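Undergrad: From just these sequences and the hints, can you work out the full model?
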Amino acid sequence: MIQYLFTSLFIFLIAPFLVGFIKSLKMWLLFKRPVSPFQPYRDFMKLLKKEIIYAKEASVISRASIFMILAPIVVVLFLLPPIFHNAFYISFMDAFTITGLLSLSTFFLMLLGLDGASSFGGLGSSREAFIASLVEPAMVLTMFSISLMGGSIGISKATLHLNTHFPMMHSASFILASIAFFILLIAENGRIPVDNPETHLELTMVHEAMILELTGTNLALIELAGALKFAIFSTLFVSLFLPFGVNLVWYLAFVVFVLKLLLVSVTVALIEVNTAKLRLFKVPNLLGIAIIFGFLSLFTFYILGV
Amino acid sequence: MFSFDGLSLLFLFLILLGVIPNLVYMSGYLSHIERKRHFLIHYFMFIVSMVGVVLSNNLLVFLFFWELMSLTSWQLILTNSNAETMKAGRFYFFMTHFGFIFILLFFLLIGSESLFADFDSLKELLANFKYPTLLFLLITIGFLSKAGVVPLHVWLPYAHPVAPSPVSALMSGVMLKVAIYAFLRFIFLLPNWQIEWGVIILVLGAISSLVGVLYALAEHDIKALLANHSVENIGIILIAIGVGMIFMSLNLPTLSAFAFIAGVYHSFNHMSFKSLLFMSAGGVLYATDTKNMEKYGGLIKSMPVTTFAFLIGAISISALPPTNGFLSEWMIFQSMLGSNGLDAIELKISFPFAIFALALTGGLAIACFVKAFGITFLGLSRSQNSKHAKEVNGMMQFGQILMIFVVVGLMLYLPLIIKFINESLPIENIYATIFPTPWVMKSVNENFGAVSPILLTFALLLVVTFIAIFYLSLRNKERICHTWACGYNTSSKSQYTATGFAGPIRRFFTWLYKPEVHSHKQTVAGHTTKFESSFYEVHVQPLFEKSLYEGTKKLLNYISYIVYRISHFEKTKYSVLIFNLLVIVLFSFRVFYNEVTWGSVVLEVVIITIFVKILLIGGDKK
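Taken in order, these protein sequences are the chains called A and B. For the first sequence, position 106 matches number 1086 in our numbering, and the numbering has no gaps at all. For the second sequence, position 360 matches number 363 in our numbering, and the numbering has no gaps at all.
A portion of the hints provided could be inaccurate.
[To be verified] Where chain A lies over chain B, by a calculated footprint (3+ residues, C-beta under 8 Å):
(1) 381 to 389
(2) 459 to 467
(3) 473 to 479
(4) 501 to 508
[Unchecked claim] Cβ pair distances, simulated, as ranges:
(5) A/V1040 to B/R510: 32 to 38 Å
(6) B/I44 to A/K1036: 45 to 51 Å
(7) B/Y491 to A/S1151: 54 to 60 Å
(8) A/I1251 to B/C484: 50 to 56 Å
Derived by calculation from the structure, the hints in this document are not laboratory data. Only a predicted model underlies this, so the values are computations on that prediction, with no experimental measurement involved. Built from N, CA and C at the ideal position, the CB exists for glycine as well.
TA: Shown next, in the form of structure tokens:
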């Protein structure tokens, strides 16, 4: 139980660091002087002290949706797979619940964008709705596929199963599913090439456009939600698609887990530095790849049999 | 004449859940209706006829109430008679009787004594029937045309918007479920199901769900949007039923029971949230006098109760946890996961497509309801109508609140509902497997999926409370200011419109929508970028209506032209015609009542061809 709580707390605390780490790594790769990877924590503390400004045009949704965006993500934090082999995990919620909770958060984020009567907010919501609706099938197909390989749709059980009995016969469908999931990780967290988290240019922004009206604590909480979402996706990726290290002694398992998280961050940073942002109407091509890979992964699994 | 067995009582329960809040709502809405007596008579007759359909235990009684249901709902559509309702009414009348013909054919085929037999003895009659697939097809077309399955869904987006809102809520929420009831009732009477039947239902369901949600996204009329969503949800119900039928014909009773329960539970859920959505959409219509979403905006400030009701309905219909809509969709996904245990590889491979269809539907439904809620209730008012809107009267609010209780109740009392459904359907009892404890719902297959709505709600509330405490402890200062609009004044015109919101998706699915764009710009002194006023309108072409229905019309015209040509000739031709008809009747009689061999079929076709040749070509020589 302590290990379980420790895991959740650790992921909660490391989340802003991962986002900051990607940013500073990117700056370093572009020969800029990198900011500290701990900058998101400083921003968070700074924003908490600031005054909150609400729009006159906005309604109660602007106030309520802050909670409804953050709360499902925090709940998901407690449903994540264990990083220690003998740790407690929640067995009565499964992968569909996790995708559902993430969609709930996105739903309120999109409402928040429409609430301020600003054209930027509407623009962000509209694009997010477009991307999110195409992410959904890829996500479900990938989850199906990995749950079949892991022998359980409850991802904690699947993680432990993949660690002990890796399905060598199904490595093809495993690799296809992992590529699909990595694309989803990029798309859902608004990284390049789907969305650029660093600009405020109306041509490119998706996530930033929806939260343009937020200030102070509200902004801090939404930024935290974004960071947590990235940490959740990374954790899911490293637990399900890099299934090793969980059975080691607890401190080694922990070190391996952190290294895997850093590996994902480095990969994302490398992708961000080396690709340009896609036009909005090219994004379906990328997500189409994820969907097709999800399909192929399921097909190869079915054809090879259990 | 009437029976009170499990299935009847189950759907009686569904009707009652849908009707009671509706009655309260209707009493508030009544002041808006001009022909009160006409409306009330048909409204109550409509309810009575639906109850009659689910309780009847005799084909004749069933048919009577079924037809009464069609006719009363038809009259209810015509409550406000104008050109639009007349067109919708005519369409509805035609489509509903198109289905009725197939139902009648089904009953006549079984045999003459069947009309007075009760359903149990009907089962024996059906067991002796030689061509059950024919009966299956008749049932499917007959009942599912009423349920609104693609391609027989075209009447829904016409009929539901023009009916008064309480009636739309009843028709969409309850009447479609009565059609599902009838389908289930007769499908369970048919003996030895073929695997193809399940596949047909699954495919129909998958297509309906996608087509429904895609057309809903392109819709600007709020009630037509909801009507298209009914097509989608009927599709989801049919996916579950189809999966259940496939598993049943493969002799996997546990998995099949789970899928059937999922389908019927989704019928309950759809009844609850769709009634709720139609009620609040009706409230908006009542307050603003327009159905056009582009004229709404900012209604959350003037109509808080209606907004809240719509929000609950929207979250539930988008299948977001922890609502009841999510739970039934979860169950359907779980039952599809059972496809892993199948032996037939071609069937196994087809399952990912159904999963894909269902998941894409879910994603698009979220987009659609963000649009519906966001454009209608958030932002600034886009017209005078919505600026001066007032909250609806007390009875209408009370009706919506009652319906919210039904939605939440279906989620909280999940184990009880599932138990009721399981015991009412003629399937294996799997209640104990799904609910080892009442808190957690488990899946039946070996992959151990589980979900717990109550714990999930509790966890969400707990986290929200924590964040709220943290938030309040900061004691930030607050300031109210205008939305930043790059230095310009924030105005209702600079907001996103419903058309704009669905823009990316409409563009991505251009091949389906084939949109017709009307745009008009008044430019300033020849500049291409500066303009005083601009007008942009997009109309999505209803593909099925354009291709299928227009095509049928053309075909019928062509046939009637041939018949016309034939019927103006001499006696020999007439006698050939009569003889030919006789031959066809006799042969088809033989097909239904005797064994058929390929040789005889070929012989019959040759004879008919010769006579047709004499009939057509022989005439031209003279």
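Undergrad: Run every hint past the structure and note whether it holds.
TA: Taking the hints in turn, this is what the structure says about them:
Counting residues of the stretch 381 to 389 of chain B whose beta-carbon sits less than 8 Å from any beta-carbon of chain A gives 3, enough to reach three: the coverage restraint holds. Taking a C-beta to C-beta cut-off of 8 Å, the stretch 459 to 467 of chain B contributes 5 residues in contact with chain A, enough for the three needed, and the coverage statement holds. With 3 residues having a beta carbon nearer than 8 Å to a beta carbon of chain A, the stretch 473 to 479 of chain B meets the requirement of three or more and the stated coverage holds. Residues of the stretch 501 to 508 of chain B with a Cβ under 8 Å from some Cβ of chain A number 6, which satisfies the need for three, so the listed coverage holds.
Range check, A/V1040 to B/R510: Cβ separation about 33 Å, and the 32 to 38 Å hint holds. For the pair B/I44 and A/K1036, the beta carbons lie near 49 Å from each other, so the given range of 45 to 51 Å is met. Between B/Y491 and A/S1151, the C-beta spacing of about 57 Å keeps the proposed range 54 to 60 Å intact. Taking 50 to 56 Å as the suggested C-beta distance range, the pair A/I1251 and B/C484 does not conform, at roughly 38 Å.
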